[in-house]
Each structure stands twice: as C-alpha cells, then as structure tokens.
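Put chain B on the given structure of chain A with help from the hints.
What follows is each chain in one-letter form.
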Amino acid sequence: MATVFVPSSLRRYTAGQSKAEVRGSTVNEIIEDLERQYPGVKSRLCDEAGQIKRYVNVFVNDEEIRALQGADTPVSEKDEVSIVPAMAGGRK
Amino acid sequence: MELRIENLVPRRDTPIALYCAGGVRSVLGARSLSEMGYTNVASVAGGFGGWKNAGYSFVVPRIMTDDQRHRYSRHTIIPEVGERGQLKLLDARVLLIGAGGLGSPAAMYLAAAGVGTLGIVDFDVVDVSNLQRQILHHLDDVGRPKVESAAETIAALNTDVKVVPHTTLLRSDNALDIIKEYDVVINGSDNFPTRYLVNDACALLGKPLVDGSIFRFEGQLTVFDPARGGPCYRCLYPDPPPPGEVPSCAEGGVLGVLPGIIGSLQASEAIKLILDVGESLAGRLLLFDALDGRFRQVKVQKDPACPVCGEDPTVTELIDYEQFCGIPHSDNGVTVEPLPALVVT
Numbered sequence: 001m002a003t004v005f006v007p008s009s010l011r012r013y014t015a016g017q018s019k020a021e022v023r024g025s026t027v028n029e030i031i032e033d034l035e036r037q038y039p040g041v042k043s044r045l046c047d048e049a050g051q052i053k054r055y056v057n058v059f060v061n062d063e064e065i066r067a068l069q070g071a072d073t074p075v076s077e078k079d080e081v082s083i084v085p086a087m088a089g090g091r092k
Numbered sequence: 001m002e003l004r005i006e007n008l009v010p011r012r013d014t015p016i017a018l019y020c021a022g023g024v025r026s027v028l029g030a031r032s033l034s035e036m037g038y039t040n041v042a043s044v045a046g047g048f049g050g051w052k053n054a055g056y057s058f059v060v061p062r063i064m065t066d067d068q069r070h071r072y073s074r075h076t077i078i079p080e081v082g083e084r085g086q087l088k089l090l091d092a093r094v095l096l097i098g099a100g101g102l103g104s105p106a107a108m109y110l111a112a113a114g115v116g117t118l119g120i121v122d123f124d125v126v127d128v129s130n131l132q133r134q135i136l137h138h139l140d141d142v143g144r145p146k147v148e149s150a151a152e153t154i155a156a157l158n159t160d161v162k163v164v165p166h167t168t169l170l171r172s173d174n175a176l177d178i179i180k181e182y183d184v185v186i187n188g189s190d191n192f193p194t195r196y197l198v199n200d201a202c203a204l205l206g207k208p209l210v211d212g213s214i215f216r217f218e219g220q221l222t223v224f225d226p227a228r229g230g231p232c233y234r235c236l237y238p239d240p241p242p243p244g245e246v247p248s249c250a251e252g253g254v255l256g257v258l259p260g261i262i263g264s265l266q267a268s269e270a271i272k273l274i275l276d277v278g279e280s281l282a283g284r285l286l287l288f289d290a291l292d293g294r295f296r297q298v299k300v301q302k303d304p305a306c307p308v309c310g311e312d313p314t315v316t317e318l319i320d321y322e323q324f325c326g327i328p329h330s331d332n333g334v335t336v337e338p339l340p341a342l343v344v345t
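Quick note, the sequences are listed as chains A and B, same order.
When we follow this note's numbering, the leftmost residue of the first sequence carries the number 1, and every step to the right adds one.
When we follow this note's numbering, the leftmost residue of the second sequence carries the number 1, and every step to the right adds one.
If we strip away everything but chain B, and leave its shape as in the complex, we get:
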C-alpha cells in the first residue's frame, strides 16, 4: 500500500477509508498514511467483520471457477472480453422470443458463450418439418414442447446456463411481466402481431431488441434500441402488411441454413450489447441474400412521428396486436387463419 498509494492518490488531503478483515491492520495502515502526510484517513473499526455484523450491505465479488476459466479461455484471452466481460455474460439475462429457426442458433451460441440466464418463450411443439433448420431440436423431440426440448439441448451443452421456460403465447397481458426480467431480447418470432407486440413492449421497458427475420434466401437483421436514441420496428415498418399479403416461410419456404446465419448474428449483437463493446446495429439494417452471397446495409432513421418512440408517443401501453394487424378474431378467441398469400409459387 505504502509503495502504490502516491500514484493512486497524489493529493494528500483526499479522504481515504481503510478496512481489513478485523480492523487491526487497517489502523496500522492508517498510521503509516498519516506519517506519509495524508491528512484525511479513517479506519473502519472492527473491519469487514464488524461491518457485516452490524448488518450493513455488501457485495461478494464474483470470481470464475477453474472449470469456467478453462471453458471460457478463448473468450477471456480477448482484451475486449476478459474475465470481467465473461462475468458480465454469466450474469446476463437474455430472452429469446421463439425457439425456432432464429432462436435455435442464437440460443446455442449464447449458451456456449456462457450467458447465465436464457429465457425462452415458445408455445409450439416440435414438428418433423422444423428439423430442417431448428437445431435445438432433434428427432426424439418431435411432439415435445419446444421450450422443453431447448432446455435439454442447452443443459447438455453448458450447465452454467439457467433456462427459464415461458411455455406460453406472448400476449399483451403478459409481455411486460416476462420481458422486464431480462437485459436483452432476441426476436425470432414468426408473425407480425408478435413482432409489433415485442417491439412496443421492449420500447416501453427500455430494453434493447435484436431483431431478425428470414424468408427463402433472404435475411434482415438490426437492433432496435430507442431508449439509447435508436429507431424502433415501427420507425422502419410503420404499418403491418394486410393479412396474407406477405407470404410466410410455411407458404414460401426458407433455406435451412439461413436462420443459422441470421440467428448467429443476433447472438453476436446480443453479446456486444452485454459487453458494451463495438458498434451495435442500432440504426442500421443488415440485409443478407444467400443466393447472391452478399450482405448489404441500409440506414434506419428514427421517425420523430413514431407512435411508440417518437416525440409525442400515442402508444403508451400495449394494444390488441391481432387487431392492429387486421387479423379477425373468432368468438372463442381463436385466431382465424388469414387468407392464403397471393404469391405462393
């Protein structure tokens, strides 16, 4: 201490509080500092033991186990990550909307990276037609809830990761309660009402949303983070297409590897947000075309008139998103299928 204090604290009148475990060494240390000319030195009586016994709050510094140091060594050796960054990942909470095409690679890479808590919202069961791209699920899982299958795959990869299952449809009456528990949200949802719902809920809660979507050979990827000045989904797409106007993957198909590319990029963006490194895709839309083998990038402007994140927002709570997207409800609350797309080939 005596050797380093002059570099750390050049001014002799800086207030200094010293503590040790029991309060003896810190008294001796305080005397040394006074002799060196420091004029405002205090020692915590009774040390940390006394502090703790008095019921004052304290934080136990996180350290990695030897197994974790080994497992994450390729991360911690990167200066931008380090042990501190890896601990941030282990403490981070990421919510995946959907354990399907995009959610699968995102969840796998986030789990491998040691993101400590992965929430997964999905109401579906595994169908054999999912296996062409949804790598969280395997042949034995057909018929099982996707959340259950995903939790098992993740547990087999990394026991540091806690999976929080949300086996439910995301709705206006549960979205805020679910999303508020997380730091970053990854959108892999498969329909427009959920996309607007997730956008609005994240914007209202100030959570960054890593958005991805895919169709046939094409993918789109961006980050919506209006709480930090960026645009939201409604700035990019103010109105949803009428039902049936835009074909779905079920109708138009999707190259199986495409969600692997876009979902992995979503995981990469989420990790950057957690570590607070690099330049996020907020304000930029990345377009990938597998047929061309080309990435392109366009700007996404914040819309000052945006009803959610604009200057005078009119959407201040969650609304009925099926209605917003023009999808009729039947009397028993079951959604009526929209008309088939016009462009099915």
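Chain A on its own, in the form it takes in the complex:
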C-alpha cells in the first residue's frame, strides 16, 4: 500500500494521523480510498467536479502530479504521496 502524508489542516479527518496507508494504483484511486477510510477528506482536496483543487498540490514521491499525468498519475505500492496545501500563517 502507498503511504499518504496528510497535512495538519486535514488531520481532523484522520483522527490526528499524519500518515495513512492507502490502496490504489492512481492518485484518483488513492483519494477514493482515503475518503473510504476517512469520510470528508475528499471534499477538502477536490472541488464539486472531482478535480483536485488548484491550491492543493499532490506529489507522488517528489514530483508534482500536474507535471505528470494529473489525477491519473500511477502510484505503486512503495510510493509516497504528499498532500501539500498552501499555508499563509497567522492572521485571523
């Protein structure tokens, strides 16, 4: 199973876990399995059309998927998938 690194802003869905073991052979399938395990998380990653939101970056190992095949980018058992949202800092 691939490892997904979950950012702080999504950990309320993963019971505080920073990592999840997820099944799937593409990024899309990974997100679907993540949603099965942790309901609600997909709405934070994807828009209503199911597209990954533009301010959320997904990396398979160290490559951003926009530079690969987007949500169809293949993911293998040993891959690490990082979800990296934009963060701004302190202001209310």
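Hint data in this document are derived by calculation from the structure and do not stem from the laboratory.
Worth double-checking, as some hints may not be accurate.
Selected chain B positions facing chain A (Cβ under 7 Å, derived; list incomplete) [claimed, not checked]: (1) Met1; (2) Glu2; (3) Glu6; (4) Asn191; (5) Phe192; (6) Ser213; (7) Phe215; (8) Phe217; (9) Glu218; (10) Tyr237; (11) Pro238; (12) Ala290; (13) Lys299; (14) Gln301.
Keep in mind the model is a prediction, meaning the values are calculated, not measured.
Even glycine gets a Cβ: it sits at the ideal position worked out from N, Cα and C.
Showing chain B alone in chain A's frame:
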C-alpha cells in the same frame, strides 16, 4: 614585485599599469619591469594622489575592525565565508516581510551574522499572545509597534546592523519602492494577498525571495528566484484558496518553536544567497513536520504558463491582491474579515 610578476604575468607583452601613492616608486618599478623584458608598461603620473586630485573615481577597500574580526571569527575561519564573505554579509541588505514568528528568528540570526542592513516591514503592535513564538519581542514590548521592538532587540545584539523600519502595510503602491532597495527578501507574511504581492514584486524586480510558512506542527520552506531560472510562488500555487478555506494560525494554532526552525532555515538560505555558496532551495520545497520529526523534500517545477515568470507573462505590474484572493473590500477601504474557516477544531 620583481619576484612575483613572472608567475602572475607570464606574457611579456601584457599591458601593465603601475601606480603608487605619489608616482615615484611606480616609475622605478616600471623601469625594472622594462629591464625584465615587459614591453607594455605604464606608470600613473602623480600616483593615487594625482588620480584622486584629478577627480577620478575610486573605491576604498573595506576592511574589518579588530572588534569585528573577533566577533565574526567563527565565520571567517570557515573557508566558504572568510573575511571576504563576512564583508559581503556586512554590505548586504535583507528585507524581512513581518517581524512575527518567522521574522523573529530570521532577524535575530541575520543580525548575529552581521548582515549590515535589515529592513523590516510590519504594521502590527506586539500582543501578549505573540510572545509564545516571536522572540524579537519581550513582555515590556506589549502594545509597542513590532518594528520598534525589533529594532531595539537587534541593536542590543549587534551594533553593526542598521535596521530600516517600514512601519506600514505592504501594498501594491509601495511594495516595489521598498523591495528594490534590498538584495534578498525573507517572507514571513501572515496572509495570502501579501504572499502573492511579495512574490510578484520580487519577480518583477528580480530579487530572490526566501519563502516560509507554518501551520500547527508543519512548515514549508523554499526559495523563489525566477530571475535565475527558478520557479515562483505562482508556479507552486497558481490560485489562492478562497477566503476562509485554509485556516490561519490564529484559528488553528502553531507550535511556538516551529517558526524558530523554519525562520532560522530562511536566514540560512539568505546567507547562502548573499555569500553565493552551496545549493539554494530554488526549485525544491522543504516540508517539515514536527510531530513526525521528519523533513521531506519535493520538486517545484517552473510553470511555462506562469502569469508572472512564464514564457508569456500577463502580470507585468502589481495588481489588487485582496481582490485576487477574493477578499471583499468595504467602502472605507477596510478589509472585511473573511468567513471563519470550516475546519477549526
């Protein structure tokens, strides 16, 4: 001179200009060189005194004082720094966007390192809730402008450092004028409109931007330097999140020591850029998770379609960044607070 010239200048027809203080020794030196077979030797008549009196320009070489040699001895002993590198630091001008969580450790370490000019942009006053992480400020500073408190802390650490206060909000109508005076910019801003503003201004001016951001236990760090071929903030995050979609530290909190780690790394990147040593984080995003105790690294690709640094840029001047980030303006120009984040726990 006669003993070393053959190693330095093996070819006898190389043009050589000699000068001394008054123009006498250099004439004698020129005669010696001619006798050694150098055919194209000139002596500056009147020496440096004559040059200076004629009103020609000259540069006085910088040297360190004895106090500075002592203070920076742990730097100058490193071959990659040396006295030459330390003088570069003393001559360098770094702008800090924000004197908060990230700006505090960055400013402290840059000041300690002897970066000669530190500009600080901040409009806020110190609140007691800042003291959990913003180490530039102390209990006595609560209620004071952060820029003032920062200048005082830095002055107490190193009098070689000149602090240039910019007690203002960074806006589209002042950002270029402020940023153009500096060599490197460190971004410790606390909101998306300012992040896009600083990115665009730095890209337009060709200034390297050391970007850091933090939330809860996580930090991100990279260098945006499109002038030297790297990506910019918009290559990484083309669109800002809608207001309220991403929680802020005020809403979600931040581990107090986390900005200490990321801000210190920002100072380290800035020093590398000034010294022109090592490999900058341009094109790489460093991710730190304090809970995991792990650093990870991903690639940041330059986007050929980037509106700021791409092949056919459409943003060629600064825009309205509040509007770009979807933040409504009220009639009197005061920003309306965005809706609260949905993920506050």
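Return the numbers of the hints above that this structure violates; sort them in rising order. 1, 2, 3 and 12
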